[in-house]
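I would like the entire structure built from these sequences, with the hints used as guidance.
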Amino acid sequence: MQAPGKIVKVNDTYMHVYRVPKHPTDFENTIVFLSGSGTECPTYDFKPLWHLLAGKVNMVVVERPGYGWSGQTGLPRDIDTVLEETREALRKADITGPFIPAAHSMSGLEAIYWSQKYPEEIKAIIGLDMAVPKAYDSLVVPRFLSRQVWLAHLLRKPAAKIMVKTHPAVKYNHLNKKQQAEMYMITSKQLLSKNMIDEINLIKQNAHKAGEGKCPFLPVLCFLSHDKGNLKQIPEWGKIHREYFSENENAKFIDLPCGHYVHREEPEMIAESITRFLNFHGLYC
Numbered sequence: 005m006q007a008p009g010k011i012v013k014v015n016d017t018y019m020h021v022y023r024v025p026k027h028p029t030d031f032e033n034t035i036v037f038l039s040g041s042g043t044e045c046p047t048y049d050f051k052p053l054w055h056l057l058a059g060k061v062n063m064v065v066v067e068r069p070g071y072g073w074s075g076q077t078g079l080p081r082d083i084d085t086v087l088e089e090t091r092e093a094l095r096k097a098d099i100t101g102p103f104i105p106a107a108h109s110m111s112g113l114e115a116i117y118w119s120q121k122y123p124e125e126i127k128a129i130i131g132l133d134m135a136v137p138k139a140y141d142s143l144v145v146p147r148f149l150s151r152q153v154w155l156a157h158l159l160r161k162p163a164a165k166i167m168v169k170t171h172p173a174v175k176y177n178h179l180n181k182k183q184q185a186e187m188y189m190i191t192s193k194q195l196l197s198k199n200m201i202d203e204i205n206l207i208k209q210n211a212h213k214a215g216e217g218k219c220p221f222l223p224v225l226c227f228l229s230h231d232k233g234n235l236k237q238i239p240e241w242g243k244i245h246r247e248y249f250s251e252n253e254n255a256k257f258i259d260l261p262c263g264h265y266v267h268r269e270e271p272e273m274i275a276e277s278i279t280r281f282l283n284f285h286g287l288y289c
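For the sequence shown, the positions run 5 to 289 when this note's numbering is used.
In case anyone wonders, no lab produced these hints; they're calculated from the structure.
Hints should not be assumed to be uniformly reliable.
What the hints assert, rightly or not - What follows is a list of derived Cβ distance ranges for each label pair: (1) P261 - K13: 40 to 46 Å; (2) Y288 - G233: 34 to 40 Å; (3) K218 - K169: 40 to 46 Å; (4) N205 - M273: 18 to 24 Å; (5) E124 - K198: 30 to 36 Å.
Claimed, not checked - In silico DMTMM-like pairs for lysine to aspartate or glutamate, Cα to Cα no more than 20 Å straight-line: (6) K218 - E253; (7) K121 - D82; (8) K198 - E272; (9) K60 - E272.
Where a beta carbon is used, it is the ideal one built from N, C-alpha and C, also for glycine.
Written out as structure tokens, the structure reads:
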């Protein structure tokens, strides 16, 4: 199955970098979509949002090892390794910065750490219900995770069929029949991959590492959900984000009455807000 984007060699594996078509020549920054934990097919998962911004901004989706069309890696899933993989994949795909990470969920840690470690590369951060370091303070990694993985792998094909059928990108005709078939094959292949599980096991360590650095003082647009699952685990989800960015006068928060996958459920509102955000901060030049 041919990948829709570019496959590049990174360390011991191959990574998929999808460049959204219709990239304008007068927009020097590149929005980099970074998926949350367990999103099997990031390129198509983000399509409800990126197709609305196509032609207005430069955008790419970087699929980490164990996700989408990328292969598996034997390297640890610590935040330093993951970030360097992202940067190397972009470099080998001939995608140049400056960058604006658009991070969903767990990838918020990578976006924050990226801005701390390489501040000259990052112009702004867009948080798609992204996590901040303190969000994982009370997280408990499931005791019987291996059993859940075994069951998911046993039922991967019927599970993938349901997941794809109910995905907004499919429900609202953002994907053609070929893309839907590709999404099913990728989902059944990558469902709870080894690299995904390794990420979960290192999530607290990675949150601690990002939390050691300073809060980014660049423009931040943070979309926050009212997801019942998130709020059950972390009741002060929105408060934690506002506290983390409290000293950043360029941080803006938008609360959305939807679930955790905000880019699937409120793509029109998010696309409009991103456009206004980029204009306000002069990021179109």
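Against the structure, the hints come out as follows:
A hinted range of 40 to 46 Å holds for the C-beta pair P261 and K13, which are about 43 Å apart. Y288 and G233 have their C-beta atoms about 36 Å apart, which keeps the hinted 34 to 40 Å range intact. Judged by the Cβ atoms, the range 40 to 46 Å given for K218 and K169 holds: they are separated by roughly 44 Å. Restraint check, N205 to M273: a C-beta distance of roughly 35 Å breaks the suggested window 18 to 24 Å.
For the pair E124 and K198, the beta carbons lie near 34 Å from each other, so the given range of 30 to 36 Å is met. A C-alpha spacing of about 15 Å is found between K218 and E253, which places the hinted pair at or below 20 Å, so the restraint holds. Of the supplied pair hints, the one linking K121 and D82 holds, its CA atoms being roughly 14 Å apart against a limit of 20 Å. Taking the CA atoms of K198 and E272, the gap is about 34 Å. The hint is violated against a cut of 20 Å.
The hinted pair formed by K60 and E272 meets the criterion: a straight-line CA distance of about 14 Å does not exceed 20 Å.
Taken one by one, the earlier hints fail for this structure at numbers 4 and 8, listed in ascending order.
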